[in-house]
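Asker: What follows is each chain in one-letter form.
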Amino acid sequence: MKQPNQPLIFEQSKSGRVAYSLPETNIPEQSLSDILPEASIRNEEPALPEVSELQLVRHYTALSNRNYGVDSGFYPLGSCTMKYNPKINEETARMAGFAATHPYQPETQVQGNLEMMHDLQQALAEITGMDEVTLQPAAGAQGEWTGLMLIRALHEANGETERTEVIVPDSAHGTNPASATVAGFDHVTVRTDARGLVDLEHLKEVTGERTAALMLTNPNTLGLFEEDIMEIADTIHRAGGRLYYDGANSNAIMGITRPGDMGFDVVHLNLHKTFTGPHGGGGPGSGPVGVKKELIPYLPGPVLTKENDKYYWDKDRPHSIGRVKPYYGNFGINVRAYTYIRTMGAEGLKKVSEYAVLNANYLMRRLEPYFDLPYGRHCKHEFVISGRRQKQLGVRTLDIAKRLLDYGYHPPTIYFPINVEECMMVEPTETEAKETLDAFADAMIEIAREAEESSEMVQEAPHTTVVGRLDETLAARKPVLTYNTETSLKSMK
Amino acid sequence: MDYRYLPVTGEDKEEMLKTIGVDAIDELFEDVPENIRFAGEMDLPKALGETDLLKEMKRLSDRNANVQDCVSYLGAGVYEHYIPTVVDHVLRRSEFYTAYTPYQPEISQGELQAIFEFQTMISELTGMDIANSSMYDGPTALAEAALMAASENRGKRRTIVVSETIHPEALDVLKTYAAGPGLTVKIVPEKDGRTDLDKLEKTIDADTAGVIVQYPNFYGTIEDLAAVRQAADKENSLMIVSANPLSLGILTPPGHFGADIVAGDAQPLGIPMQFGGPHCGFFATTKKHIRKVPGRLVGQTEDEDGSRGYVLTLQAREQHIRRDKATSNICSNQALNALAASVAMTALGKKGLRETAERNIKGTHFLKQLLKQKGIQVVHESPSFNEFVINLSRPVSEVNEQLFQHGIIGGYDLGKVSADKKGQMLVCVTELRTREQLETFADQLEVLIHETA
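For the protein sequence lines, the chains are A and B, in the order given. Positions 2 to 494 (this note's numbering) are the ones given, in order, by the first sequence. Positions 2 to 454 (this note's numbering) are the ones given, in order, by the second sequence.
Keep in mind the hints are simulated off the structure, nothing from the lab. Predicted model only: the values in this text are computed from it and were never measured. We put the beta carbon where it would ideally sit given N, CA and C, even for glycine. Honestly, I wouldn't trust all of these hints.
Simulated pairs of lysine-lysine, DSBU-like, Cα-Cα distance not exceeding 35 Å [as the list claims (entries may be wrong)]: (1) 479/A <-> 200/B; (2) 200/B <-> 56/B; (3) 435/A <-> 56/B; (4) 435/A <-> 479/A; (5) 19/B <-> 392/A; (6) 294/A <-> 288/B; (7) 15/A <-> 288/B.
What the simulated footprint calls covered on chain A by chain B, stretch by stretch (three residues with Cβ under 8 Å from a Cβ of chain B suffice, anywhere in the stretch; the number is not a length) [unchecked claim]: (8) 35-42; (9) 74-87; (10) 236-243; (11) 259-269; (12) 445-454; (13) 470-478.
Far from chain B by the CB rule (all over 10 Å, computed), these chain A residues [as the list claims (entries may be wrong)]: (14) 132; (15) 156; (16) 195; (17) 353.
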């Protein structure tokens, strides 16, 4: 139901209120002007809020009540793997030895951290079939860019500087071409064929002596397994290129097949997806990168090394592409991922992928009679349906998504991949019970019926959320990105 | 074995397979070619039940010396500060941490409003018009600032001029990022703990897209931003400042000196050190650059009834729309840590932020004086925020080993940055250090520097 606005924290501020208490220090009083030159001292205070502790807690509790997470309900956001975030992960990551250690403590003081990182690297190498893993990249997109920089360094070392092109499928996530650009490559698109897979003939046309790499996720963004993967790998390798695996979709393949065995040379994983680091409302994530032997010399330094049961940082890496991130990556997320891997073990992770695929196929078949299914073969961990049929009734995919909000669900990813009209990309994950999938399917079927019988009601959805459909054009035309008194007055109307 | 995160029962499975029209889960994988099927079981450590796993993780955690049990003087980009209890309490609201990027604004108003407030607080602190919703960390935010500067002027300027006094790992990250588009990075040397302004002026030329300094810099001293602005203006280069947000509770913000971009890490505001990450990069700039800012932006708007609401906005800048034409590939950010920083800034408020910043300056100044009295050389005379350099004339690693025997984690060994700084230690004092601790530290150091190794 529509609710009155939650006032901004600034609008609740009153001079004289505090929500902190600094520790006693007994340091003798000194005058600031004796320490700092006048020009260095700020003459105007930043307009931070002044509230009591209870006001603070009520404010953020109110905001959390205006938010929807996996713990709130079903969140089948395709390509994001919105699975359950185990609570034990939150406990382990907060243990003092992990949370209250400084990255510049000598290695001898932090052997526990290094042991954990080392074992996590090994586990990820085993899961992906790669020879070495770095935990430095902060997220998937940074992992992609890191991987491409590694491939670039390899080509340069081999004197193959003419390899300036990265091939990306038309169904790829936007970060793929963007990462290619940031890594200094041009990007070339390869088409998807009628099966929903990489068009092999087209791939052969666009592959050549300028090919630096092909970026691919398998299963692809349509949720389909690229069954020609060995031929794809062969095509790229024979031309002298390398294969990059976007690990966004690795939830479908653990213990079933490994990127390293499919011919991939570099892989990144999204630990906040497959490995349950929470999504945090947009991050932090963690994007480790695994490589085959020939790329090890180029890994970002320093590299974690084990010798006689002691762990240390190897900083002597003359061929390294350099640092991609300060310190050692998003360590706190890596603790969570390690906790998860230790919870599940090898058998458990394989079951994760099997049930992720079972859930996706079940949901797909339940929806098939009511929505267009552009690719009918068995899917992997996610599938794509199209709202084409409903569009003819004047109901767009956006409307269906908004109507789902009224039923209490987070909608699927919509309008992605961009090569499917009125696309909805559904990823249920393995942590959802059959009852949840059935209830969601019933809601979708009901919306399909509503589209036929009362399309206007669907077009005007959502009807039950705290705000109605928001004017995104206004937001972009007259950007208001910070609070000021003017906007405050407006809200008081 | 039963798994508590997997709800599918044998009966469920049978019903689901029937609906799908197959007999076994295996059939769903028949498109995975036989020759790439993984045979056997992955070689992973065995699964542990909840109790045993907590024990194992505690064993690992206990193998580390943590700053709660020791007294630490390490800073160098990552700081141990007071974190109000409410911060973690708010972060544990799972409506926040189990959500993703707020693509559906109607059910994400909480996250969007919190980020809108974060953007406002960062703009206020830095003295800039706008701020984005966060970046991975300070150094990558700074590198993205350099890329954004180079994309202005239709990408014609190809050089970034950077002071040697920025964080050495930030410099490393900058070089890696610059290698992609092939930008030139020119380094201006340090002089007495600050950027050599004469050399800075001489290095900036018509090809300089941006000039980067850190404030306070890596050695804890406060750069002359007015002079940097002047130098950058001669060639119309952008001025990019990497700033410690806590210091801006007391220091004149870069925006007041005319900075074009202010980047940095919000870690000092409510975010645990966590062995170096995740922290929280921030990115603030002027309205002029609004359509080139990397990362997510939250904007205020209205619904059809005119009620105030928030959405992700100006998305045409971003990778999912612009793809290869985007100036940045960033997708996920550090939203949860931006929330932590917002809660910490709210808890501290206007008064607390200033008081905390002041405590850092005064504690640092107190230790500086104390060490001088003990005959320990303070290398730079310039004012500090919460760090300064001392010369021990002994290998710092050796001194730190001895300090550690007394439960003290010593400062950062500057010999790791350059050979001519061997024997120099970067010491950090925050509001958490008491007078007694500082006096003990000074006494210990006095003993140690007079010992022969």
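Asker: Examine each Cβ of chain B, and state whether all of them lie more than 10 Å from the Cβ of residue 195/A.
Answerer: 15 Å, holds
Asker: Verify the proposed pairing of residue 294/A with residue 288/B, using a straight-line Cα cut of 35 Å.
Answerer: 47 Å, violated
Asker: Residue 200/B and residue 56/B: Cα distance at most 35 Å?
Answerer: Violated. Residue 200/B to residue 56/B sits at ~56 Å, over the 35 Å cutoff.
Asker: Just to be careful, I want the Cα atoms of residue 435/A and residue 479/A compared with a cutoff of 35 Å; is the pair within it?
Answerer: With Cα atoms ~45 Å apart, residue 435/A and residue 479/A exceed 35 Å; violated.
Asker: Beyond 10 Å from chain B, beta-carbon-wise, is residue 353/A?
Answerer: Nearest chain B Cβ is 7 Å from residue 353/A, so the label is violated.
Asker: Check, residue by residue, whether the stretch 74-87 of chain A contains three or more positions whose beta-carbon lies closer than 8 Å to a beta-carbon of chain B, and give the verdict.
Answerer: holds (count 8)
Asker: Has the stretch 236-243 of chain A got at least three residues whose CB is nearer than 8 Å to a CB belonging to chain B?
Answerer: It is violated, with 0 qualifying residues against the three required.
Asker: Beyond 10 Å from every chain B Cβ: check whether that's true for residue 132/A.
Answerer: 14 Å, holds
Asker: Residue count check for the stretch 470-478 of chain A against chain B: does it reach three with CB-CB under 8 Å?
Answerer: Holds, because 7 residues of the stretch 470-478 of chain A bring their Cβ atoms closer than 8 Å to Cβ atoms of chain B.
Asker: Are all C-beta atoms of chain B more than 10 Å from that of residue 156/A?
Answerer: Residue 156/A is indeed farther than 10 Å from all Cβ atoms of chain B, at 13 Å.
Asker: Given the hint that residue 15/A pairs with residue 288/B, does the C-alpha gap stay at or below 35 Å?
Answerer: 29 Å, holds
Asker: Starting from residue 479/A, check that the Cα of residue 200/B is at most 35 Å away, please.
Answerer: 42 Å, violated
Going down the numbered hints, you'll see the structure goes against 1, 2, 4, 6, 10, 12, 17, while the others check out.
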